[in-house]
Amino acid sequence: MTPVLDAPLDRVQAGGPPPGPPPAGGGGGDSDPGHGRGTQHVAVLGMWIALIPILTLFLAFVSAYIVRHGLGTEWAPGSMPPIVYANTVILGLSSLLLERSRAVERAGGYARPWIAATFVMGVTFVIGQVFAWLDLKAHGMTFSATPYASFFFVMTIAHALHVAGGLAGLGFASLAPAQGWRGQSLALILRVNAIYWHFLGGLWLLLFTLLQFWR
Amino acid sequence: MTASHAHPGRQGFVRRVLFSTDHKVIGIQYWVLALVAVVFGVLMSLLIRMQLGFPTHTWPLLAKIFPRGMNGGVMAPEFYLSLVTMHGTMMVFFVLTTAPLGGFGNFILPLQLGARDMAFPRLNMLSFWVTALAFVTLVLAFFVEGGAPLGGWTAYPPLSALGAIVGPGQGLGMDLWITSIALFCAGSLLGALNFLATTLGMRCTGLSLGRLPLTVWAWFTTALIALLAFPVLLAGGILLLLDRHAGTSFFVPGGLVVAGRAIDHHGGSPLLWQHLFWYFGHPEVYIAILPGMGATSQILSVFARKPVFGYRAMVGAIFAIGMLGFFVWGHHMFVSGMSPYSAIAFSVLTLTIGVPSALKTVNWLGTLWGGTLRLTTAMLFALGFVSLFVSGGLTGIVLGQTSLDLYLHDTVFVVAHFHLIMGMAALFGIFAATYYWFPKMFGRLLNERLGRVHFVLTLIGAYAIFVPMHVQGLMGHPRRYYDASSYTYLADALPLHQIITWAAVLTAGAQLLFVANLIWGGRRGPRPGANPWQATTLEWTTASPPPPENFDSQPVVHHPAYEYGVPGAPRDYVMQNDPPEVRP
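Residue numbers (our numbering), protein chains in the order written: chain A, 42 to 256; chain B, 30 to 613.
Read the hints as simulated data drawn from the structure, not as lab findings.
One or more of the hints may lead you astray.
Claimed, not checked - Reference excerpt, derived from the structure (chain A facing chain B, CB under 10 Å, subset only):
| # | residue |
| --- | --- |
| 1 | A84 |
| 2 | I90 |
| 3 | F102 |
| 4 | A105 |
| 5 | T114 |
| 6 | V125 |
| 7 | T129 |
| 8 | L251 |
| 9 | W255 |
The beta-carbon is built from N, C-alpha and C at its ideal position, and this holds for glycine as well.
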């Protein structure tokens with residue numbers, strides 16, 4: 042079985058069959074042969090598995106938030122900067138654009154503009170979050186001002202850093218067609234990116250709900 | 030197979046050894062890292078033992094080596110505490126986590142799956158180097174101003190959150206400790222991701238889940254635990270660093286006055302750290318020991334020439350132990366003022382772990398029952414693992430009960446318990462795995478006679494160190510005290526301290542036999558051939574050491590993992606990739 046990252050995913054097979062040899066089939070009445078689902082399967086599987094620790098990290102922050110909130114003392118929640126609402130919409134739109142990219146790619150069209158648009162929306166989200174932090178600071182809610190502010194900054198900055206990681210992936214995806222990645226290879230890149238990007242959108246909804254409605 | 034894969038034999042030293050993406054090289058790198066770390070860890074434990082055994086003795090030679098910590102040949106209390114902290118950290122993270130999972134797991138898992146490499150080889154390389162960087166960062170803590178941190182491997186706030194004002198080592202040393210642990214978490218997560226993806230997606234044809242060796246199940250479960258536990262420690266570490274440097278108050282309560290100075294924090298909860306830490310900390314015990322359970326199951330079966338007794342139950346028990354481990358963290362906090370109702374819940378869940386643990390033990394004995402035992406060194410260490418697992422596990426049942434723990438908490442009884450189960454049992458698992466897989470890893474056999482002497486001395490040493498320590502704990506001897514002679518009520522504990530110290534010196538000395546065996550075996554040991562133990566799993570179907578591509582041709586599995594003593598078969602075992610007709 043071919044390791045994933047070292048398989049050229051696969052410019053050599055651009056437009057061709059999925060990278061990695063097809064399964065040779067189970068032997069001896071095997072009901073669950075893991076082998077042969079292909080490199081694509083392992084790449085997607087790896088992305089899904091990677092979400093587990095990221096989600097766990099944020100759930101640790103969330104549980105700490107809930108415990109600290111429960112203590113009650115000096116919690117002093119502030120109001121959510123208005124730009125955060127706009128950022129939430131932008132992140133949602135970026136997910137839709139990414140799905141549009143995948144649909145165009147599946148239909149054999151030129152997906153690059155749609156991927157680039159997703160990237161731009163992602164960058165806009167991060168810049169919007171920076172404005173939100175500056176807005177909070179201008180209103181006296183600095184990093185250490187109140188426990189609520191501390192959690193707000195920690196969770197939103199950690200999320201923005203993960204979005205920045207997603208932007209790196211999207212940047213790669215937007216350059217990939219120009220470098221000859223086509224067909225199922227490009228589809229795989231977009232699929233892996235989409236899993237991560239939509240996850241970040243869902244994660245943001247969780248954080249937004251917490252910070253807005255559990256103050 | 031693709032042509033771009035970077036494997037040894039085709040590149041220079043840097044790509045072939047340092048930045049290799051070959052799982053076998055990375056496995057050996059992890060194993061060597063653990064070996065280096067265990068030398069540091071053992072030396073620190075000997076210093077700790079010298080102080081405890083002979084607290085009033087002067088050590089002029091050590092004064093030259095540690096001019097700050099042992100000025101005038103007398104150990105400073107702060108130096109003692111920094112040794113305790115660094116010993117625990119070094120052993121838990123860089124030995125007990127690194128060797129079983131990163132070392133043997135990396136080397137053996139793809140081979141047992143019939144795969145050419147891990148799913149993500151570059152990520153695998155990155156995971157090792159991040160771990161190595163974490164190790165260097167930790168060691169650096171000894172050399173910065175104030176030295177290494179003092180707060181123990183659990184780093185409880187507020188001591189860990191307030192900086193150098195609370196003591197030497199709590200400044201830059203503590204920062205390096207937190208950074209090291211954060212890096213370690215990141216490296217471990219990358220590795221764990223690889224283990225899961227490889228197990229689920231890279232198995233060779235015919236290797237169904239029901240045919241996986243129990244070692245694979247153990248590494249798989251361990252990786253899953255790591256994915257769910259390390260992020261929580263990482264989150265705690267981030268919040269702790271922010272408390273130290275960004276003025277936040279996640280863990281630091283208000284109203285603290287240290288060295289006559291009011292601390293500018295308010296409203297944090299030290300217990301919040303304890304929850305986060307132990308949510309990671311207890312599963313970490315299983316991260317350390319589950320691979321040892323897997324190796325033991327494997328080795329007992331091979332050298333008893335019998336299938337593993339109750340294979341499915343063993344798989345279920347591995348999962349049950351791993352998952353139950355996430356629901357018992359509160360038993361580390363019985364004295365924290367938690368509600369008695371919570372304590373009962375944590376206590377019951379803790380004792381529940383005894384059920385799958387007992388099941389495993391009974392099945393190990395069932396595997397041995399009626400077998401044709403071959404008492405190789407690997408087999409002896411696996412038997413030692415079972416012995417230590419039972420001994421250490423039994424005292425876990427004692428500590429899992431709230432009423433008993435209230436008395437024994439923070440005594441050396443706890444130290445003795447977790448050293449037996451997490452330290453010695455896990456180390457015996459590492460030794461068993463080393464003697465068993467060394468021929469596959471390095472293409473040479475270790476010396477069996479030397480190995481047996483090593484086993485006997487180490488087993489006697491393990492019990493000689495930790496049984497008296499239980500007795501001291503029952504006397505009420507608190508842990509982390511550096512001079513028992515200062516307390517009248519601990520006078521009876523002093524002779525035991527001296528016995529333990531001598532036992533520790535002898536046990537550590539016995540490890541020189543192991544080191545000598547590694548050196549001798551690596552250079553002059555007899556060449557074993559592909560399958561010296563007449564074992565059935567796929568790693569033994571290829572050359573020792575395996576070629577860069579692991580297998581000359583893609584294996585196809587037709588048989589379960591433990592087909593020993595098969596009636597009517599041409600040999601007393603059937604390898605997993607033997608043709609179907611081999612088994613009558």
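How the hints compare with the structure:
1. A84: holds, 8 Å
2. I90: Result: holds, 5 Å to nearest chain B Cβ.
3. F102: At 6 Å from the nearest chain B Cβ, F102 (chain A) passes the 10 Å test, so the hint holds.
4. A105: With a closest approach of 6 Å, the A105 (chain A) hint holds.
5. T114: Interface hint status for T114 (chain A): holds (5 Å vs cutoff 10 Å).
6. V125: At 21 Å from the nearest chain B Cβ, V125 (chain A) fails the 10 Å test, so the hint is violated.
7. T129: violated, 23 Å
8. L251: This interface hint is violated because 15 Å lies over the 10 Å limit.
9. W255: Violated - the Cβ of W255 (chain A) stays beyond 10 Å from chain B, reaching only about 17 Å at its closest.
The structure shown violates the earlier hints numbered 6, 7, 8 and 9.
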